[in-house]
Amino acid sequence: MTIQFNDETFRDDYSYHNSAEAIRRFPFPFDKDDYMYAVNMEPHAGGREGSPFENRFDVDEHYVAEMRDREITLNEDPLRCQSLPHMELAGWDLLELIMVSKSEDYPELFSLHRDGDRWHWINRPLGIDHKFTFLDPTTLPYGPMEYITRQAQGDFAVLDQREGNLWMEAGMVTSQADWSLDFDIGMNFFEWHAPVPKAHEMGIFQRALKFLLAIQQDSPSRRLNWTMTVNPRLDTSPENYHKWGPEKRTLTPENVGEKQYLRVELQTFFRLPRSNGLAFPIRCYLISLQDLVTVPKWGRRLHRVIRDLPDELADYKGFAVNRQLIIDYLAQFDDGKPTSPGIFPDE
Amino acid sequence: MSATKFTPSIISRPVYGGLKPHGAVPSLMLANGPGGEALLELIKADPTIPGQAHVIYIPEGCGLGKTLETKGFAGYFEGASYPSILPRFRKLLADAGMNTRLYLAGTEGLIGQATSEALAAGMLPEAIDAEHRGSLARRMQCVHCKGITENVITDPFTCLHCGLSLFVRDHYSHRHAAFQGVCVDAEAPGEIPPRQEIKA
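The listed protein sequences correspond, in order, to chains A and B.
Using my numbering, the letters of the first sequence correspond one by one to residues 1371 to 1717.
Using my numbering, the letters of the second sequence correspond one by one to residues -2 to 197.
If you're looking for bench data, these hints aren't it; they were derived computationally from the structure.
Since we're looking at a predicted model, the values are computed, not measured.
Watch out, some of these pointers could steer you wrong.
[Claimed, not checked] As a list, the in silico BS3-like pairs of lysine-lysine whose alpha-carbon atoms are at most 27 Å apart:
#1 B:Lys143 with A:Lys1613
#2 A:Lys1687 with A:Lys1613
#3 A:Lys1687 with B:Lys143
#4 A:Lys1568 with B:Lys196
My request is simple: use the sequences and hints to build the entire structure.
Rendered as structure tokens:
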């Protein structure tokens, strides 16, 4: 398989686009016609061929452009990547996990040669050919977590496990749905989820934490989460909210299909072998409504989900102000027919 | 004035358990404003405490200093502000032995910053007692410019550093000892809701 990497942007002129194949493989997050919070975990042990679930770290046509966007964001705000001092070993764990996974899953794109602690890493799409000593930070241009996450799509939170809780104490966060690593770093699982409405009362976080604490090596898990974003912008950070916020008010009935994006997070969870930390990659996928409705099942279903969503969730996810516009647009694509179970398009 | 009861709605906000006597052991005490009353109640409950206790008190217009200094503390010092007492507090923390207790009383900003200092100095969380007294003012971090604004009593408020109008998000960081302030008119610049007093 050869991937053609898009030349595209996630800011300014927003030239981001999905190919026909990228639309077909989009991780549509709704397996039925309504939505409520759930601890919707499943084993991250492969998935349908060609889908984003097939490999441990999905690499797609947006890879090179996303890494360029990350670099722009980091140049503007280095606080998006932080690691508390005791998290360096977990950073090496993460580096190993990503290098091993990518070189095994995409051998034509990535190679890793290991001779004891002398490692040779080749990343062909980004033009990197680097020899370094594993566990020796002086042989890398950045800390291990920063080095490898500048070469991996999606955000990464690295969690320490102690006192029966998970502590977010390292991360690379440049494509987030409105949360601040700089503010949340050092918090435990309940603290960093504090602003989420309803889910605490539903016991969601207690159950999720119990599940995550028990994740074993080589048995990663995954779940999907979602929100809505105007324009294909990766950096919807609170730090820059005053810069991208005004764009949310630019939707009209004429442009909603083109400018309104469904934003899906493929969240995965890997136990790290040396540190006993937990790697929490949060991979962001964006699809415009006009592309999404080319899959009839998705158009029908998204209309029903958005129409029937509790107000608090639309509010929290930040699209309450545009909800009616979105519903009116999607209604054109909902003929009232039943939808098939599961998230994949009908063949 | 008794210890403040907060609404339980903010999950990331610390819970202050109040000051409880731990007997005649080495102690550090730091209080501001009406927090001094909590110290007086503490030593009334256990008069053996002052003999090994070093106190730093920041009156902030409160007249409790005169009473506190007569209570026979091993050390008593009055300071003008938290930044001005910080070098002294850090020295006391650095010199503190394994069994030292820390008692903090006063505003949330004082408790939060002093707790961070103590933890950074190697003190264990279980050796720290804290009691909220006095103003409900919040210490806020602007999520945009990262500047801290002390003693915020209205929502929204103006960031002292970058000038943005910020709303007070109910999200608290131990590490910054601050709540989060987020631009209130980001989506519609200039549309700023009326200011309200912070009541919890």
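Evaluation of the provided hints:
Between the alpha carbons of lysine 143 of chain B and lysine 1613 of chain A the distance comes to roughly 16 Å, so the proposed pair stays at or under 27 Å and holds. Distance hint between lysine 1687 of chain A and lysine 1613 of chain A is fulfilled; the C-alpha atoms sit about 18 Å from each other, no more than 27 Å. As the CA atoms of lysine 1687 of chain A and lysine 143 of chain B are separated by approximately 24 Å, the hinted pair is consistent with the 27 Å bound. At roughly 23 Å between alpha-carbon atoms, lysine 1568 of chain A and lysine 196 of chain B fall within 27 Å of each other, so this suggested pair holds.
The structure is consistent with each of the numbered hints, conforming to all of them.
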